[in-house]
Amino acid sequence: MEFDHILIRYGELSLKGKNRKKFVEKLQNNIQQKLVDFPEVKVKRTQGRMFVLLNGHAPQPIMDKVKNVFGIHSLSLAIKVENDLEKIKDAALYALTNSENVNTFKVSVKRINKGFPVRSQELNQILGGHLLSNTESYTVNVHSPDIDVRVEIRGEATYITSSVVRGAGGLPVGTSDKTLLLLSGGIDSPVAGYLAMKRGVQIEAIHFESPPFTSDRAKQKVLDLAEKLTKFGPSIKVHVVPFTKLQQKIFQETPDGYGMTVMRRMMLRISERVCQNEGILSLTTGENLGQVASQTMTSMNTINEVTNYPIIRPLVTMDKDEIIEISKAIDTFDISIRPYEDCCTIFVPKAPKTKPKRDRVNYYESKFNYDDLIQEAIEGIEVIKINDRKVEEDAFEGLF
Amino acid sequence: MIYLDNSATTKPHPEVLKSFEQVSTSFFANPSSIHQLGGETEKLLIKSKQQAAMLLKVHEDEIIFTSGGTEGNNIAIKGIALEHQGRGKHIITTEIEHPSVYEGCKSLEKLGFEVTFLPVNQDGVVSIEDVEKAIRKDTILISIMHVNNEIGSIQPIKEIGEIAKKHPKLFFHVDHVQGLGKVPLSLDNSGIDLCTMSGHKIHGLKGTGLLYCRRGVKLFPLFHGGDQEFAIRSGTENLAGAVSLVKALRLIKEREEKESGKLLELNHFLRQELKNMEKVVLNTPEESAPHIVNFSIPGLKPEVMIHTLGKQGIFISTKSACSSKDLDESRIIKACGYNQIRTKSALRVSLSYDNTIEEVKIFLNKLNEAINQLKEVME
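For the record, the sequence lines run as chains A and B. Throughout the first sequence, residue numbering follows this note's numbering, covering 1 to 400 in sequence. Throughout the second sequence, residue numbering follows this note's numbering, covering 1001 to 1379 in sequence.
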């Protein structure tokens, strides 16, 4: 006997009225996408439930993939057996003894198929007794058991589910349009991307590089971060903007202290243009109120002036340790702390203005016409598509 | 040539050599160099950790590349002892460990540590109760091998791991050098904090190996320097070695999955035939690793047999290669409770997935012939 399917529960989706069908279909699609490398594994929907049919595949790798998909409230490994008392008993025992970190259990029987000869209440007792007499270390706890062995007797078969694993929550990615994530390589921006994805948003990323002041490794770091984010959604397009000339010009033309503000405004201008070209409706940043000079309220006000696209700032009110906690949980922290300079850390003025005023910045920007340099940067964008499936670098092929 | 000394070392797989050569030629830059070439080799280093982690079902930051089993065992044991001595100075190990663990622990005794060397039963297996009883308040480390290198006995690592889990203050190290690719060992949720593996026992190259070091486990480094390998093992990375090791690991895992049945058949055949030989007694217990068969020919000096077979192109060994130069009795077989006649006449056949039934048959014939010829000189 072995677990042959995974039961998917999608709590919040059931609230979404008419859109529900669309959401559920998207979720099914996203799960299927994650399992593309496992052709024998299928995702099915019947009577308002979603299943992943394992068809002989070991359950754990599939669980690990599926539990990161947004829109899933919880999942459980399950076994399907015939409506036969002995088989149900065996399966319940298997479900209990094959769950980790379990000491206490209860059994909950649901008899939807009233044709089944044993009533729920009686079956609860039969199964509980069977589990106790065939194991040694488990005890019953009906109030807060470590595992609730659920037995659902339906018309076609009986389903036995074991422990409930929490899903990633949120909404299926792709149900809330697209955003463009400003991805620098630091700790914050990937977390911001993750949180946007959690609300069903699909992301593309934009990264500004300034070679030779920034290195290939800084760029690789961003691509590695984007790859981590694909765990939670579909493949991600990364727009890499050649920023050197523009950035150098900005710092030449702008008095010390205001360069940072002008640079941020240029980044937003370019980002907005990319949004227009790609049909993306908003920007997402890892900005966080008060973290550094460029992230004061005055600074945000001044930088925000250049675009009327909504800027989603999922981290805006978080503490740094909360952000770090998430970045560790989504596995981006170790990449983010690789010590390479990115375009935000080079040319940093000794004392950046913490309260850059709109009129001052507008005045400094009017001293030089940046249009050509902006255009050049946009035309030089390199688009890299990051897949969640192992990106085999050609150069390394065959080495492993 | 019939090579039956695979527990001493194995013949490198041609694919492994190819990887080593390719990396040495094309990716020779120092991964710590900040130029582009260094960037590439660093990427390859990260990639090899990812691959190793995937094969072992662990995290990539839990892989430390080493020069092999001896180094892995020393980093683990001395690293724990030196880092955590404030917490206690008691170490538990067994009497049948590989010299790199056994002597490593002995050396710590000279530094003021107290070491309990647990006995084994006649099958060469340590008792779980003994392990549990030996744990004290000041115990900081349990180091027990998975598969014994001389007789192939398998230690109850899973059960000891469960005991270790109940004592969160101590660390559990497993020398998995002989088990790797032959006897499955799960690291996930196993209670194992450190696990040593070696490349050249799995058709990889000498000078390659890895140490699994569970997240959060702190070690005192034996080599200080440029902080490579999470500062546990400074020194410019042997990238070609690391990549070739990961390839060897992949290949052996594939063979383990597909061919373990075949290896077991060879083992059963070999044992059965040896049992039928009048002058031969088996030292390897019934339940043991599939690749090691240890036996004694009481009264015959083992070197004589090694040389007789060697002249005919058949290579086996006396006890383990690491201790066979000291011509005394086998410490391991002695620990199993056998007398000197047996401990001084032990021979070891160790198989690989490359060996065939024909080779085993030829070996058995030649062994039989040799015994008949040498009968007169035997006491």
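Calculated from the structure, these hints are not laboratory results. Here the structure is a predicted model, which means the values were calculated and not measured. Cβ coordinates follow ideal geometry from the N, Cα and C atoms, glycine included. There could be a bad hint or two in this list.
[Said to hold, decoys possible] Heads up, incomplete: computed chain B residues facing chain A, CB under 10 Å, no partners named:
#1 G1039
#2 K1047
#3 H1167
#4 K1169
#5 S1190
#6 V1243
#7 E1265
#8 G1337
#9 N1339
#10 Q1340
[To be verified] To give an idea of the interface, some chain A residues facing chain B are shown, with a C-beta separation under 7 Å as derived from the structure:
#11 F213
#12 D216
#13 K231
#14 L399
Going through the hints against the structure:
Below 10 Å, beta-carbon pairs count as interface contacts, and G1039(B) has one with chain A at about 5 Å; its hint therefore holds. Here the hint on K1047(B) is kept, as its CB sits about 6 Å from the closest CB of chain A, short of 10 Å. Interface restraint check: H1167(B) against chain A, minimum CB-CB distance 18 Å, threshold 10 Å, status violated. Against a cut-off of 10 Å between C-beta atoms, the interface hint on K1169(B) is violated, since the closest Cβ of chain A lies about 20 Å away.
Proximity of S1190(B) to chain A is violated relative to the hint, the smallest CB-CB distance being about 12 Å (cut-off 10 Å). A least Cβ separation of about 5 Å between V1243(B) and chain A falls short of the 10 Å threshold, and the interface hint therefore holds. Nearest Cβ of chain A to the Cβ of E1265(B): about 26 Å, over the 10 Å cut. The hint is violated. For G1337(B), the shortest C-beta to C-beta distance to chain A is roughly 33 Å, which exceeds 10 Å, and the interface hint is violated.
The restraint placing N1339(B) at the interface with chain A is violated, with a minimum CB-CB distance near 41 Å, outside the 10 Å limit. Because the smallest distance between the Cβ of Q1340(B) and any Cβ of chain A comes to about 45 Å, over 10 Å, the interface hint for this residue is violated. Against a cut-off of 7 Å between C-beta atoms, the interface hint on F213(A) is violated, since the closest Cβ of chain B lies about 13 Å away. Residue-level restraint check for D216(A) holds (minimum Cβ-Cβ distance to chain B is 5 Å; threshold 7 Å).
Violation of the interface hint for K231(A) is found here, the shortest Cβ-Cβ separation to chain B being roughly 14 Å, above the 7 Å cut-off. With its C-beta approaching chain B no nearer than about 5 Å, L399(A) sits inside the 7 Å limit, and its interface hint holds.
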